[in-house]
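J.: Sequence:
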Amino acid sequence: MRKPIYFWIIGLATAHGPSLVIAEEPQPVRVEIVTPKTQEIAATGINGKGEVIGFEWQENKTTPGVIEQVPFFAKGQEMTPLPLLEGYTATFPAAISDNGEVVGRASKPAPRGVFVPMRNQAFIWDAAKGIRRLGVPEG
Numbered sequence: 001m002r003k004p005i006y007f008w009i010i011g012l013a014t015a016h017g018p019s020l021v022i023a024e025e026p027q028p029v030r031v032e033i034v035t036p037k038t039q040e041i042a043a044t045g046i047n048g049k050g051e052v053i054g055f056e057w058q059e060n061k062t063t064p065g066v067i068e069q070v071p072f073f074a075k076g077q078e079m080t081p082l083p084l085l086e087g088y089t090a091t092f093p094a095a096i097s098d099n100g101e102v103v104g105r106a107s108k109p110a111p112r113g114v115f116v117p118m119r120n121q122a123f124i125w126d127a128a129k130g131i132r133r134l135g136v137p138e139g
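In the working numbering, the protein residues as written are 1 to 139.
Since the hints were made in silico from the structure, they are not lab data. A hint or two may mislead.
With a Cα cut of at most 35 angstroms, we get these calculated DSBU-like pairs of lysine-lysine [to be verified]: (1) Lys108 x Lys61; (2) Lys75 x Lys108; (3) Lys75 x Lys129; (4) Lys49 x Lys129; (5) Lys61 x Lys37; (6) Lys75 x Lys61; (7) Lys75 x Lys49; (8) Lys49 x Lys108; (9) Lys49 x Lys37; (10) Lys129 x Lys37; (11) Lys61 x Lys49; (12) Lys61 x Lys129; (13) Lys75 x Lys37; (14) Lys108 x Lys129; (15) Lys37 x Lys108.
Distance ranges between label pairs, derived from CB positions [unchecked claim]: (16) Leu134 x Gly48: 17 to 25 angstroms; (17) Asn99 x Glu40: 34 to 42 angstroms; (18) Thr89 x Ala23: 45 to 53 angstroms; (19) Asn99 x Glu24: 40 to 48 angstroms.
Predicted model, so just to flag it, every value in this text is computed and none were measured. Glycine included, C-beta positions come from ideal geometry on N, C-alpha and C.
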């Protein structure tokens, strides 16, 4: 079935004579990125507006000397910590859209050899609505 469709499309394209379409190469866009800190952060995503997501290294308040990775959203110098999804112990931001929506995964620990349902869960976060589950496919 694919061959007749393929030849039909070729026939349509050449019925009015040869045509050559040259697409322009996309021009790079320069984005100024202002981060809240120059050290002790790791970016995992940057959008077209220069907003950054990632992790900030902070000393644990109850266990001095232990460094934690705290997930964040930053708009210029303003840094917002990303919250935990209810029932989960870690947030991993992966990407940020140009309208400020952060997606990633939330996770909870599982003892060795023990099945933990929904150990990882996709999430979406934005400043207006907070963090929400994206759900899983049925089955």
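J.: State for each hint whether it applies.
T.: Here is how each hint holds up against the structure:
1. Lys108 x Lys61: With Cα atoms ~21 angstroms apart, Lys108 and Lys61 stay inside 35 angstroms; holds.
2. Lys75 x Lys108: This hinted pair holds, its Cα atoms lying about 28 angstroms apart.
3. Lys75 x Lys129: Holds, at roughly 17 angstroms.
4. Lys49 x Lys129: holds (20 angstroms)
5. Lys61 x Lys37: At roughly 20 angstroms apart (the allowed maximum being 35 angstroms), Lys37 and Lys61 satisfy the hint.
6. Lys75 x Lys61: Holds. Lys75 to Lys61 sits at ~25 angstroms (cutoff 35 angstroms).
7. Lys75 x Lys49: Roughly 9 angstroms separates the two Cα atoms, so the pair holds.
8. Lys49 x Lys108: holds (32 angstroms)
9. Lys49 x Lys37: Holds, at roughly 18 angstroms.
10. Lys129 x Lys37: Distance of about 26 angstroms is within 35 angstroms: holds.
11. Lys61 x Lys49: Within the cut-off at roughly 33 angstroms; holds.
12. Lys61 x Lys129: Given pair Lys61, Lys129 holds - Cα atoms ~28 angstroms apart, limit 35 angstroms.
13. Lys75 x Lys37: holds (12 angstroms)
14. Lys108 x Lys129: holds (23 angstroms)
15. Lys37 x Lys108: Given pair Lys37, Lys108 holds - Cα atoms ~28 angstroms apart, limit 35 angstroms.
16. Leu134 x Gly48: 17 to 25 angstroms: About 22 angstroms separates the Cβ atoms of Leu134 and Gly48, which means 17 to 25 angstroms holds.
17. Asn99 x Glu40: 34 to 42 angstroms: Hint violated: Cβ distance 28 angstroms, outside 34 to 42 angstroms.
18. Thr89 x Ala23: 45 to 53 angstroms: holds (47 angstroms)
19. Asn99 x Glu24: 40 to 48 angstroms: Given a distance of about 26 angstroms, which is not inside 40 to 48 angstroms, the answer is violated.
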